[in-house]
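**Student:** Just so you know, the sequences run in chain order X and S. According to my numbering, the residues represented by the first sequence are 1 to 112, in order. According to my numbering, the residues represented by the second sequence are 1 to 109, in order.
Hints were generated in silico from the structure; no laboratory data involved. Keep in mind that a hint or two might mislead.
[To be verified] Below, a list of computed lysine to aspartate or glutamate pairs in the DMTMM-like style, where the Cα atoms sit at most 25 Å apart: (1) X:K57 - X:E82; (2) S:K54 - S:E15; (3) X:K57 - X:E105; (4) X:K57 - S:E5; (5) X:K57 - X:E75; (6) X:K57 - X:E100; (7) S:K54 - X:D95; (8) S:K54 - S:D27; (9) S:K54 - X:E100; (10) X:K57 - S:D27; (11) X:K13 - X:E105; (12) S:K54 - S:D81.
What you are looking at is a predicted structure, and each value in this text was computed from that prediction instead of being measured.
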Amino acid sequence: KAGVTQTPRYLIKTRGQQVTLSCSPISGHRSVSWYQQTPGQGLQFLFEYFSETQRNKGNFPGRFSGRQFSNSRSEMNVSTLELGDSALYLCASNDGGNGELFFGEGSRLTVL
Amino acid sequence: GIQVEQSPPDLILQEGANSTLRCNFSDSVNNLQWFHQNPWGQLINLFYIPSGTKQNGRLSATTVATERYSLLYISSSQTTDSGVYFCAVLTGTASKLTFGTGTRLQVTL
Chain X
1 KAGVTQTPRY LIKTRGQQVT LSCSPISGHR SVSWYQQTPG QGLQFLFEYF
51 SETQRNKGNF PGRFSGRQFS NSRSEMNVST LELGDSALYL CASNDGGNGE
101 LFFGEGSRLT VL
Chain S
1 GIQVEQSPPD LILQEGANST LRCNFSDSVN NLQWFHQNPW GQLINLFYIP
51 SGTKQNGRLS ATTVATERYS LLYISSSQTT DSGVYFCAVL TGTASKLTFG
101 TGTRLQVTL
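Using the sequences plus the hints, can you model the full thing?
**Tutor:** Shown next as structure tokens:
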């Protein structure tokens, strides 16, 4: 069974640009959640999608958005990038309940 | 929201030593997981343990939900055990994990 797949793995952007990250969950999993990891703030929850609906949202500005497709794949978008958006973005999937979450390898974003 | 605290923040061990990592949480949880973050950033699942005790090779974990803490035991540590260990808890109905600040473990020869 394939794991959680995130693309791209690494990317470099400049301030003011936008970026789209993709996440394909484990087959059969309907929940995809996104997390941001920075040295200063640690691992923080961004949002979660379940059956194409945003079910929960963390405390991030509106520049951070996401969506989920009918095949459960998810994308997150960050617009008007700031230097502070440089981070490791991790995606996790599970069956939508209280079960175990499984993480992808992450997308490492650098904003110059 | 729920608070998750891990201790110690840093730990240096010689190869072969044993260690105990602790995770305290401030409210009832539906799920608790332990992860090891590898040098490339991926979170590797160690245990899914909302309560009770589990063992996997040299690693074991115990969660006492009524007292709101969990322990991760590493026995006969190896250099490959180095990295950051995170505890994360899930509350409510959505799949939102709240992470602790982690324990950075370094195992030396």
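**Student:** Name the hints, by number, that the structure is in violation of.
**Tutor:** Violated: none.
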